[in-house]
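Visitor: Using numbering that gives the first Met the number 0, the first residue of the sequence shown is number 0, and each one after it goes up by one.
Keep in mind that the hints were calculated from the coordinates and are not lab data. Hints may be right or wrong, so weigh each one.
Keeping only pairs whose Cα atoms sit at most 30 Å apart, straight-line, the calculated BS3-like set for lysine-lysine is [to be verified]:
#: 1; residue 1: K581; residue 2: K497
#: 2; residue 1: K200; residue 2: K658
#: 3; residue 1: K581; residue 2: K658
#: 4; residue 1: K200; residue 2: K271
#: 5; residue 1: K493; residue 2: K553
#: 6; residue 1: K553; residue 2: K581
#: 7; residue 1: K271; residue 2: K454
#: 8; residue 1: K601; residue 2: K651
#: 9; residue 1: K651; residue 2: K628
Restraint-style ranges between C-beta atoms, simulated for each label pair [to be verified]:
#: 10; residue 1: Q440; residue 2: Q662; range: 24 to 32 Å
#: 11; residue 1: Q662; residue 2: T530; range: 24 to 32 Å
#: 12; residue 1: F185; residue 2: V238; range: 45 to 53 Å
#: 13; residue 1: E536; residue 2: E664; range: 34 to 42 Å
#: 14; residue 1: L96; residue 2: E536; range: 30 to 38 Å
Each residue gets a CB set at the ideal place from its N, CA and C atoms; glycine is no exception.
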Amino acid sequence: MALILRLACPTRINGLRPWFPRRLPSLRSTVPTRKVAQFGTTLGLLGLIPVSRANTSISPEKNRLIGSNPDLRPINDTRFPWRQFLAMLWPHLKYLLAAIGSALAVAYLNIQIPQQLGQVVNVVSSLLSQVGDAEGQVRRFMDQIREPCGRIIQLYLGQAVMTWGYIYSLACLGERVAADLRQQLFASIVAQDIAFFDEHKSGEIISRLTTDVQDFKSAFKLCISQGLRSTAQTVGCVVALYSISPPLTGLMLAVVPVVIGIGTALGSVLRKMSKAAQAQVAKATAVGEECISNMRTVRAFAMEDQERAMFNEEVENARRLNERLGLGIGIFQGGANLFLNGIVLTTLYYGGYLLSTQQLTAGDLMSFLVATQTIQRSLGQMSLLFGQMVKGLSAGTRIFDYVNLVPTIRLEGGQEIPYHSLIGEIEFRNVGFQYPTRPDQRVLDQFSLRIPGGKMVALVGSSGGGKSTVASLLERFYDCNEGVITVDGVDIRKLNPKWLRGRAIGYINQEPVLFATSVMENIRYGRPSATDFEVMEAARAANAHTFIQGFPDKYDTVLGERGVTVSGGQKQRIAIARALLKNPTILVLDEATSALDAESEKVVQEAIDQVAQGRTVLVIAHRLSTIQKADAIAVVDQGRIVELGTHESLKKFGGIYAKLIRQQEQSSSPNSRGMA
Numbered sequence: 000m001a002l003i004l005r006l007a008c009p010t011r012i013n014g015l016r017p018w019f020p021r022r023l024p025s026l027r028s029t030v031p032t033r034k035v036a037q038f039g040t041t042l043g044l045l046g047l048i049p050v051s052r053a054n055t056s057i058s059p060e061k062n063r064l065i066g067s068n069p070d071l072r073p074i075n076d077t078r079f080p081w082r083q084f085l086a087m088l089w090p091h092l093k094y095l096l097a098a099i100g101s102a103l104a105v106a107y108l109n110i111q112i113p114q115q116l117g118q119v120v121n122v123v124s125s126l127l128s129q130v131g132d133a134e135g136q137v138r139r140f141m142d143q144i145r146e147p148c149g150r151i152i153q154l155y156l157g158q159a160v161m162t163w164g165y166i167y168s169l170a171c172l173g174e175r176v177a178a179d180l181r182q183q184l185f186a187s188i189v190a191q192d193i194a195f196f197d198e199h200k201s202g203e204i205i206s207r208l209t210t211d212v213q214d215f216k217s218a219f220k221l222c223i224s225q226g227l228r229s230t231a232q233t234v235g236c237v238v239a240l241y242s243i244s245p246p247l248t249g250l251m252l253a254v255v256p257v258v259i260g261i262g263t264a265l266g267s268v269l270r271k272m273s274k275a276a277q278a279q280v281a282k283a284t285a286v287g288e289e290c291i292s293n294m295r296t297v298r299a300f301a302m303e304d305q306e307r308a309m310f311n312e313e314v315e316n317a318r319r320l321n322e323r324l325g326l327g328i329g330i331f332q333g334g335a336n337l338f339l340n341g342i343v344l345t346t347l348y349y350g351g352y353l354l355s356t357q358q359l360t361a362g363d364l365m366s367f368l369v370a371t372q373t374i375q376r377s378l379g380q381m382s383l384l385f386g387q388m389v390k391g392l393s394a395g396t397r398i399f400d401y402v403n404l405v406p407t408i409r410l411e412g413g414q415e416i417p418y419h420s421l422i423g424e425i426e427f428r429n430v431g432f433q434y435p436t437r438p439d440q441r442v443l444d445q446f447s448l449r450i451p452g453g454k455m456v457a458l459v460g461s462s463g464g465g466k467s468t469v470a471s472l473l474e475r476f477y478d479c480n481e482g483v484i485t486v487d488g489v490d491i492r493k494l495n496p497k498w499l500r501g502r503a504i505g506y507i508n509q510e511p512v513l514f515a516t517s518v519m520e521n522i523r524y525g526r527p528s529a530t531d532f533e534v535m536e537a538a539r540a541a542n543a544h545t546f547i548q549g550f551p552d553k554y555d556t557v558l559g560e561r562g563v564t565v566s567g568g569q570k571q572r573i574a575i576a577r578a579l580l581k582n583p584t585i586l587v588l589d590e591a592t593s594a595l596d597a598e599s600e601k602v603v604q605e606a607i608d609q610v611a612q613g614r615t616v617l618v619i620a621h622r623l624s625t626i627q628k629a630d631a632i633a634v635v636d637q638g639r640i641v642e643l644g645t646h647e648s649l650k651k652f653g654g655i656y657a658k659l660i661r662q663q664e665q666s667s668s669p670n671s672r673g674m675a
């Protein structure tokens with residue numbers, strides 16, 4: 000350890016011993032390598048369309064989407080989790096039973112109507128075959144027709160009431176299931192590791208929250224309302240037809256198994272096509288969302304045409320995939336309709352023969368024809384539902400893929416250090432780290448640093464050296480691959496992450512995010528239970544109260560999305576106030592002033608100096624002028640600390656830190672970014 004001290008620091012300075020780790024870092028000879036993945040689109044594997052047709056035609060070298068193409072990710076071919084979905088339905092069982100009961104009642108009534116119509120035809124047929132006075136025939140007709148017509152009216156009224164019942168029940172059931180699904184999906188998403196959001200675009204995630212849930216809800220409601228009713232009607236009508244004429248019924252059902260077999264085989268292919276199409280729609284949504292979210296950058300570089308071209312290309316890819324999906328569904332529905340029309344034609348032909356040989360009455364033939372048409376309509380609806388079901392199942396599978404994701408870093412649970420005994424001592428011991436999205440690139444390597452409680456330490460160095468990664472690991476956005484990070488001697492992996500982030504550490508980065516709500520609520524976000532007075536006190540401590548009072552509605556002034564209506568300095572001070580509101584023992588400032596002009600930087604720096612008193616502060620800075628008062632400065636290079644000391648000692652040493660100082664002092668601009 001003494002050898003490292005002499006190499007890192009030019010002179011021996013009293014009091015610096017606490018800054019160094021207790022152990023000598025061990026050497027690591029290997030770095031994990033990434034396994035080679037096999038890629039390919041589902042449709043390409045199926046041979047239905049060329050993979051190249053589904054890819055963007057814009058050259059990757061000229062496209063900001065390079066590296067984010069979902070075609071390079073294997074499409075998850077998991078099956079729909081029926082047990083999990085049924086468990087979700089259980090709390091809403093009364094609506095499900097009401098919907099099923101009403102749908103079956105409608106189906107039963109629809110089965111009874113053809114039989115009553117047959118009775119009416121039999122009355123008319125018998126009247127025509129009789130000879131007598133006209134007045135007597137009319138009287139007999141009215142006497143005989145009254146009963147079947149009364150039953151038909153009752154059936155129609157019952158059908159109307161039951162139709163209302165299942166539509167209303169389904170509306171309640173569908174919306175409640177969709178709400179539960181969205182809530183579970185959102186809860187799963189916000190619980191995921193930061194690495195999940197590094198890998199997945201926000202537009203793709205939003206697509207699952209909106210489009211996929213809507214597709215699944217629509218398919219679910221249709222399958223119960225029309226699918227269940229159509230199935231029940233078909234089965235009931237077949238039974239009724241068999242009671243009328245077994246030979247005619249047998250002829251009609253002879254080819255049904257063939258249609259079912261073709262539909263099952265085609266359904267497997269269409270589900271994969273639907274999943275690929277939905278993934279492409281999500282990609283197009285992500286492109287559009289990213290452009291809109293960064294519109295100022297797009298406008299600044301005059302990239303509107305390129306963004307429009309990229310979005311159009313992704314939309315065209317989605318169109319092509321959906322057209323092919325529509326082609327498959329259309330082939331199935333067209334064949335099904337041909338089969339259904341053949342049933343009606345066969346019924347007319349063979350039924351007429353049975354009628355001519357007096358094996359069937361006119362009323363029975365009428366009942367048979369109406370029931371056959373009911374079956375035709377029911378099977379026609381089922382063929383239309385087939386496409387919706389394919390989309391719904393693939394959308395549901397995509398939703399549950401996210402719902403069932405298990406985060407590596409839990410949101411809460413673990414040890415909490417009592418506030419009165421929390422000192423804020425931080426230690427990094429032999430920490431090694433690679434980002435999950437870049438496993439081959441070593442960011443931190445044997446990084447060791449000890450920060451005593453109540454002291455300020457600054458990390459400096461060239462961009463990409465790993466400084467901001469240190470802050471991310473302390474916040475436990477990621478877990479280190481090697482080594483350990485402790486707070487007051489406790490491994491942060493044993494601490495409650497909710498307590499660590501929400502109570503122990505206040506985090507402020509270069510571009511703090513403000514929400515499109517009032518200034519008061521933006522600050523209160525740091526501690527939702529805070530009173531208005533506590534919010535204002537935090538704003539005063541952050542030098543923000545004065546300019547907030549100058550707003551038209553003061554603390555009730557609504558900020559634009561991402562805080563675009565306030566200046567950079569004002570945004571930073573509001574963010575500082577938000578962090579101070581929870582009164583953290585540890586304060587992390589990740590380049591909090593690097594994007595500000597000199598005047599704003601001075602005001603923000605004064606606020607930082609004021610709030611840093613009595614706290615453990617980790618500062619990551621590019622401007623060396625802002626960290627001269629730090630108790631210690633660590634120079635980070637290639638993931639390791641290569642120099643450590645005070646501002647004056649490092650300046651005299653003449654190493655990397657001194658070189659950085661000279662670069663900034665020699666810059667002609669007073670607001671230079673010599674290290675940026």
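Visitor: Which hints, by number, does the structure contradict?
Guide: 2, 3, 5, 7, 11, 14
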